[in-house]
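Student: One letter stands for each residue in the lines below.
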Amino acid sequence: MSEESKPGWKSIPMAGVLLEPGSAMKYKTGDWRAFRPIIDEEKCINCLLCWIYCPDGAVIREEKKVSINYEYCKGCGICANECPVKAITMVEEKR
Amino acid sequence: MLVEVRWHGRGGQGIVTVSRLLAQAALLDGKYVQAFPEFGPERRGAPVTGYTRISDDPITIHSHIYNPSIIVIVDPTLIGQIDVTKGLVEDGTVVANTEKAPQELKESLKTEKAKVYTVNATRIALDVLGRPIYNTAMLGALVKASPLVTLESLSKVVTERFPGAVGEKNVAVIKRAYEEAKGIE
Amino acid sequence: MSKILGLTGDGAVAYAVKQCNVDVVAAYPITPQTLIVEEFSEYVHNGEVHTEFVCVESEHSAMSACVGASLTGARVFTATASQGLALMHEILYIASSLRCPIVMGVVNRTLSAPINIHCDHSDMMGSRDCGWIQIYVENAQEAYDWVLQAFRIAEDPDVLLPVTVNLDAFILSHSLEGVKVLDDAEVEKFVSTRKPVLRVDPDKPITVGALCLTDFFFETKRQHVEAMNNSPKTISRVNNEFAELTGRRYDFIETFGMDDAEAAIICLGSTAGTAKAVAKSMRSKGKKVGVIKPWVYRPFPAEQIVKAIENLKALAVLDRACSIGAPYGPLCSDTIATLYREGIKLGVFNVIYGLGGRDMTPFDIETVFNETLEVAKTGVVKEPLKFVGVRE
Chain S
1 MSEESKPGWK SIPMAGVLLE PGSAMKYKTG DWRAFRPIID EEKCINCLLC
51 WIYCPDGAVI REEKKVSINY EYCKGCGICA NECPVKAITM VEEKR
Chain G
96 MLVEVRWHGR GGQGIVTVSR LLAQAALLDG KYVQAFPEFG PERRGAPVTG
146 YTRISDDPIT IHSHIYNPSI IVIVDPTLIG QIDVTKGLVE DGTVVANTEK
196 APQELKESLK TEKAKVYTVN ATRIALDVLG RPIYNTAMLG ALVKASPLVT
246 LESLSKVVTE RFPGAVGEKN VAVIKRAYEE AKGIE
Chain H
281 MSKILGLTGD GAVAYAVKQC NVDVVAAYPI TPQTLIVEEF SEYVHNGEVH
331 TEFVCVESEH SAMSACVGAS LTGARVFTAT ASQGLALMHE ILYIASSLRC
381 PIVMGVVNRT LSAPINIHCD HSDMMGSRDC GWIQIYVENA QEAYDWVLQA
431 FRIAEDPDVL LPVTVNLDAF ILSHSLEGVK VLDDAEVEKF VSTRKPVLRV
481 DPDKPITVGA LCLTDFFFET KRQHVEAMNN SPKTISRVNN EFAELTGRRY
531 DFIETFGMDD AEAAIICLGS TAGTAKAVAK SMRSKGKKVG VIKPWVYRPF
581 PAEQIVKAIE NLKALAVLDR ACSIGAPYGP LCSDTIATLY REGIKLGVFN
631 VIYGLGGRDM TPFDIETVFN ETLEVAKTGV VKEPLKFVGV RE
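Those protein sequence lines, which keep their order, are chains S, G and H. By our numbering, the letter at position 52 of the first sequence is numbered 52, and the numbering carries on one by one without gaps. With the second sequence counted from 1, adding 95 to any position gets you our numbering. With the third sequence counted from 1, adding 280 to any position gets you our numbering.
These are calculated hints, taken from the structure and not from any lab test. If you're wondering where the values come from, they're calculated on a predicted model, not measured in any experiment. Mixed in with the good hints, there may be bad ones.
To be verified - Lysine-lysine pairs mimicking DSS-like chemistry, simulated, CA-CA at most 30 Å apart: (1) H:Lys-283 to G:Lys-270; (2) G:Lys-251 to H:Lys-298; (3) H:Lys-565 to G:Lys-208; (4) S:Lys-74 to S:Lys-26; (5) H:Lys-460 to H:Lys-513; (6) G:Lys-270 to G:Lys-126; (7) G:Lys-195 to G:Lys-270; (8) H:Lys-625 to H:Lys-593; (9) G:Lys-210 to G:Lys-195; (10) G:Lys-126 to H:Lys-565; (11) H:Lys-283 to G:Lys-251; (12) S:Lys-74 to S:Lys-6; (13) H:Lys-460 to G:Lys-126; (14) H:Lys-513 to S:Lys-10; (15) H:Lys-460 to H:Lys-484; (16) S:Lys-10 to H:Lys-666; (17) S:Lys-6 to H:Lys-625; (18) H:Lys-501 to H:Lys-469; (19) G:Lys-264 to H:Lys-283; (20) H:Lys-587 to H:Lys-657; (21) G:Lys-126 to H:Lys-283; (22) H:Lys-460 to S:Lys-26; (23) H:Lys-501 to S:Lys-6; (24) G:Lys-126 to H:Lys-560; (25) H:Lys-460 to G:Lys-251.
Said to hold, decoys possible - Derived DEER-like restraints, expressed as beta-carbon distance ranges: (26) S:Asn-69 to H:Ile-395: 49 to 59 Å; (27) G:Ser-150 to H:Gly-669: 24 to 34 Å; (28) S:Pro-7 to G:Pro-153: 46 to 56 Å; (29) H:Glu-468 to S:Asp-56: 48 to 58 Å; (30) H:Glu-590 to G:Val-184: 38 to 48 Å; (31) H:Gly-669 to G:Gly-175: 24 to 34 Å; (32) G:Tyr-161 to H:Ile-604: 22 to 32 Å; (33) S:Pro-7 to H:Ser-613: 34 to 44 Å; (34) H:Thr-658 to G:Ser-150: 34 to 44 Å; (35) H:Glu-590 to G:Glu-202: 51 to 61 Å; (36) H:Ile-604 to G:Pro-227: 45 to 55 Å; (37) H:Glu-466 to G:Met-96: 54 to 64 Å; (38) H:Asp-531 to S:Lys-28: 55 to 65 Å.
Quick reminder that beta carbons are idealized off the backbone N, C-alpha and C, glycines included.
Model the full structure from these sequences, guided by the hints.
Tutor: Structure representation (C-alpha cells):
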C-alpha cells in the first residue's frame with residue numbers, strides 16, 4: 001500500500017489500538033523460507049523437543065507425532081539441531 | 096484585619112500542631128486562615144517556627160511571614176538564644192512561656208511599645224498533664240493577650256484533635272493558662 | 281450542603297480523591313506529596329473508600345500500574361513530585377498516548393542537584409510536552425475543586441487525556457487553609473462513574489500498544505493533538521457545571537484588575553495570590569496594575585490571555601522554572617509566541633523567581649510591578665530576562 005492510500009488520523013482507531021484480535025496470523029511469515037524441515041516419522045520418538053524449541057510455535061503437536069505448520073515456519077533449523085534422533089532434515093526449498 | 100502569628104519552639108514540641116489548632120479554631124469562628132510550618136526537614140530539639148494567619152477577609156498572600164503582629168514563645172530556653180522578636184511590628188504582642196513577670200521579660204527583650212504577656216506554661220502542663228508538653232497552654236495565654244479566637248472554639252478543636260481524657264486535660268490546661276497569663280501594655 | 285474543613289493542600293487533594301469513587305490508586309511517596317498518599321491510604325485502611333491501593337517500588341512502576349489499570353476502564357489517581365515525576369517521564373507519554381484518563385496530583389518541587397525539597401515548577405515544566413492537560417492551583421480550595429473537575433475533563437470521550445493538578449510544594453501542600461467541601465453524594469453525582477470508550481477485556485480482546493512504525497505513528501500523534509484541541513470545550517462545560525453546583529467559577533485563566541490595568545503580571549500557582557494582594561494594595565494608591573493567573577497551562581489559554589491584555593501596555597511574565605539556554609522561561613516563551621502570532625506589540629519581560637523554594641515576597645512583587653509600570657510608560661524593555669530574589 002502506498003502512504004496515500006492508507007487511512008488518515010481521522011479514521012484510524014484511537015491510540016493505535018488494534019480492534020481485531022489475533023490479526024498477526026494474517027501475516028504468513030513462512031513464505032520466504034530457504035530450507036524446509038522434513039520429519040521422518042519412522043525415526044521420530046515424539047519427545048516434543050522440537051515443539052518446545054521452535055521459536056515461532058510452528059511445530060504442531062498431534063496425538064502421536066508432530067508436524068510442521070509451513071505457513072509460519074521460517075526454516076531456522078533449530079528443530080533439526082535439537083532433535084536427539086536426527087529425525088528432522090533441512091531440505092532446500094524449490095522456487 | 097489580617098493578624099500574623101509566629102510560633103517559636105523546638106522540633107517535637109508540637110509547634111505545627113498549635114499553629115494549626117489556632118487556625119482551626121478561627122475557622123470555627125468564621126474567619127479565613129492559613130497555618131504553615133517552617134518548611135523543610137526538622138530535627139528534634141532544633142529551634143523551629145510555625146505560622147498562623149487569621150483574617151476577616153479571604154487571604155490570598157502566600158509568602159512567608161516577616162513582620163508578625165504576635166509572637167508566641169513556647170520554649171522558654173529560646174529566649175536569649177535566638178532573636179525571638181525579629182521582625183515584630185512595633186506595637187505587636189509577645190506571649191511567652193516563662194517564670195518571669197511580664198515587666199522583667201519586656202525589659203530583657205527591649206520591646207518598648209510591644210504588649211508582653213507571660214505564663215508559666217511548663218508548670219501548668221506538669222500539674223495537669225503530668226508531662227512537659229506545654230504547647231496547648233500557650234494557646235490559652237495567647238487568647239488572653241489577644242482575643243483572636245473564642246475559648247469555646249479552641250476547646251472544641253482541641254477535643255476533636257485529642258479525643259477522650261487527653262483532650263479534656265488539654266482544655267483544662269488552656270483554661271488555666273488563660274486565667275494565669277499576665278501582661279503589660 | 282457544603283461545610284468548611286481545615287485542610288492542607290495535600291489533604292484537600294486526598295479528600296477530593298476520596299469522594300471521587302476512584303477504583304485504583306498506585307503511588308509512591310515522595311516529599312512533599314507524601315501527605316496525599318498517607319492520608320489516602322488511611323481512608324483505604326479505614327474502609328472509607330473501595331479503592332484498590334497498589335503499593336509500588338518506584339514512580340516508574342506507579343505510573344505503569346496506573347496505565348494498566350486505566351486501560352481496563354478503571355478510574356485511576358496517583359500523585360508525585362520532583363524526582364518522582366522525572367522517573368515517571370517515559371510512562372507519562374505512554375499514559376497520554378494510550379489515552380488513559382488518569383488524574384495525578386503533582387506537588388511542584390524542584391529537581392536536583394543540589395538536592396532540595398522546596399517549590400519550583402522545574403518538575404512539571406520538564407515534562408511539559410508529555411501530552412497531559414496541566415492545571416496549576418493557587419490555594420487548597422482550588423486544589424480540591426480542580427481534582428473533582430479533573431476526573432470529568434480527563435474521562436470525557438471527546439478528550440480522554442490524563443490531567444495533572446499542580447500545587448506548590450510546602451506553600452500549599454503543607455499549609456492548612458479553610459476548604460469548602462461538598463457532600464459525598466453531591467460529588468458522586470458530579471463525577472459519576474467512568475464510562476470507558478475502549479478497554480482491555482478478555483471477553484472482547486483488543487491489542488493496545490502494538491508496534492507502530494512510520495506508516496501510522498504520525499497519525500496517532502495527530503489524533504493526540506486533536507484530543508488536546510478538543511479539550512477546551514469540555515473544560516468550559518465542566519467549569520460551568522461546577523459553578524452551578526458550588527458557586528465557584530473556574531476558567532482557563534483568572535484575572536484581577538485587568539479591565540483598566542496598564543501593567544500586569546502573569547504567573548502560575550500560589551504566587552498569583554500574593555501578586556493579587558500586592559496589586560490590590562497598589563491599586564488603592566492609584567496604580568493601574570493587574571494579574572493574570574492561568575489555571576490551565578496545557579492546553580495553553582492563548583485566546584483568553586489575548587483577550588485579557590487588550591488594554592495592557594506592559595507585561596511581566598513570572599516563571600518559577602529556568603529553561604536554561606532558551607531565550608525565556610517556559611511560560612514566557614508561550615506568552616511571547618502567542619503575542620507574536622496575534623501581532624500584538626507589548627512591552628514584555630521575563631522574571632525568573634523562586635527557584636528551590638526561595639520566597640517571592642510582596643516587596644519583590646511590588647518591585648516587579650513598578651518596573652512593569654515603567655515599561656508601560658516608556659515602552660522600553662531594558663532587561664528582557666531577569667532574576668528576582670537571587671543574591672549576586
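Student: Each hint: holds or not?
Tutor: Right, here's what the structure says about each hint:
Among the hinted pairs, Lys-283 of chain H with Lys-270 of chain G is consistent with the structure: their alpha-carbon atoms are about 28 Å apart, no more than 30 Å. Our distance criterion of 30 Å between C-alpha atoms is met by Lys-251 of chain G and Lys-298 of chain H, whose separation comes to about 25 Å. Taken as a hint, the Lys-565 of chain H and Lys-208 of chain G pair is honoured in the structure, with Cα atoms around 29 Å apart against an allowance of 30 Å. A hinted pair counts as satisfied when its Cα atoms are at most 30 Å apart, and Lys-74 of chain S with Lys-26 of chain S qualifies at roughly 15 Å.
Between the alpha carbons of Lys-460 of chain H and Lys-513 of chain H the distance comes to roughly 26 Å, so the proposed pair stays at or under 30 Å and holds. A C-alpha spacing of about 22 Å is found between Lys-270 of chain G and Lys-126 of chain G, which places the hinted pair at or below 30 Å, so the restraint holds. The straight-line distance between the Cα atoms of Lys-195 of chain G and Lys-270 of chain G is roughly 20 Å, inside the 30 Å bound, and the hint therefore holds. Using a Cα cut-off of 30 Å, the hinted pair Lys-625 of chain H and Lys-593 of chain H holds, with the two alpha carbons roughly 9 Å apart.
As the CA atoms of Lys-210 of chain G and Lys-195 of chain G are separated by approximately 15 Å, the hinted pair is consistent with the 30 Å bound. Distance restraint check for Lys-126 of chain G and Lys-565 of chain H: the Cα-Cα separation of roughly 27 Å lies within the 30 Å cut-off, and the hinted pair is therefore satisfied. Only pairs whose Cα atoms come within 30 Å are accepted, and Lys-283 of chain H paired with Lys-251 of chain G is accepted, the gap being roughly 16 Å. As the CA atoms of Lys-74 of chain S and Lys-6 of chain S are separated by approximately 28 Å, the hinted pair is consistent with the 30 Å bound.
For a cut-off of 30 Å, the pair hint linking Lys-460 of chain H to Lys-126 of chain G stands: about 13 Å separates their Cα positions. A threshold of 30 Å between alpha carbons decides the hint, and for Lys-513 of chain H with Lys-10 of chain S the separation of about 19 Å falls inside it, so the pair holds. Using a Cα cut-off of 30 Å, the hinted pair Lys-460 of chain H and Lys-484 of chain H is violated, with the two alpha carbons roughly 43 Å apart. This hinted pair does not check out: Lys-10 of chain S and Lys-666 of chain H have alpha carbons roughly 44 Å apart, beyond 30 Å.
Distance hint between Lys-6 of chain S and Lys-625 of chain H is unfulfilled; the C-alpha atoms sit about 44 Å from each other, more than 30 Å. Using a Cα cut-off of 30 Å, the hinted pair Lys-501 of chain H and Lys-469 of chain H is violated, with the two alpha carbons roughly 34 Å apart. Under the criterion of a C-alpha separation no larger than 30 Å, the hint pairing Lys-264 of chain G with Lys-283 of chain H is consistent with the structure, at around 28 Å. A hinted pair counts as satisfied when its Cα atoms are at most 30 Å apart, and Lys-587 of chain H with Lys-657 of chain H qualifies at roughly 21 Å.
Using a Cα cut-off of 30 Å, the hinted pair Lys-126 of chain G and Lys-283 of chain H holds, with the two alpha carbons roughly 14 Å apart. Of the supplied pair hints, the one linking Lys-460 of chain H and Lys-26 of chain S is violated, its CA atoms being roughly 58 Å apart against a limit of 30 Å. The hinted pair formed by Lys-501 of chain H and Lys-6 of chain S meets the criterion: a straight-line CA distance of about 16 Å does not exceed 30 Å. Distance hint between Lys-126 of chain G and Lys-560 of chain H is fulfilled; the C-alpha atoms sit about 20 Å from each other, no more than 30 Å.
Between the alpha carbons of Lys-460 of chain H and Lys-251 of chain G the distance comes to roughly 19 Å, so the proposed pair stays at or under 30 Å and holds. Distance hint for Asn-69 of chain S and Ile-395 of chain H: a CB-CB separation of about 58 Å, consistent with the stated range 49 to 59 Å. The hinted range of 24 to 34 Å is satisfied by Ser-150 of chain G and Gly-669 of chain H, whose Cβ atoms lie roughly 25 Å apart. Checked against the given bound of 46 to 56 Å, the beta carbons of Pro-7 of chain S and Pro-153 of chain G, roughly 53 Å apart, stay inside it.
Taken as a hint, the range 48 to 58 Å holds for the pair Glu-468 of chain H and Asp-56 of chain S, whose Cβ atoms sit roughly 51 Å apart. Hint check: Glu-590 of chain H to Val-184 of chain G, Cβ distance near 40 Å, so the stated range 38 to 48 Å holds. The supplied range of 24 to 34 Å is met by Gly-669 of chain H and Gly-175 of chain G, whose beta-carbon atoms lie about 32 Å from each other. Look at Tyr-161 of chain G against Ile-604 of chain H: about 30 Å separates their beta carbons, and that is inside 22 to 32 Å.
Checked against the given bound of 34 to 44 Å, the beta carbons of Pro-7 of chain S and Ser-613 of chain H, roughly 35 Å apart, stay inside it. A C-beta distance of roughly 37 Å is found between Thr-658 of chain H and Ser-150 of chain G, which places it inside the suggested range of 34 to 44 Å. For the pair Glu-590 of chain H and Glu-202 of chain G, the beta carbons lie near 60 Å from each other, so the given range of 51 to 61 Å is met. In this structure the supplied range 45 to 55 Å holds for Ile-604 of chain H paired with Pro-227 of chain G, their Cβ-Cβ distance being about 51 Å.
At about 34 Å, the CB distance of Glu-466 of chain H to Met-96 of chain G disagrees with the hint of 54 to 64 Å. At roughly 57 Å, the beta-carbon separation of Asp-531 of chain H and Lys-28 of chain S lies within the given 55 to 65 Å, and the hint holds.
Comparing the model with each earlier hint shows violations of hints 15, 16, 17, 18, 22, 37; every other hint is respected.
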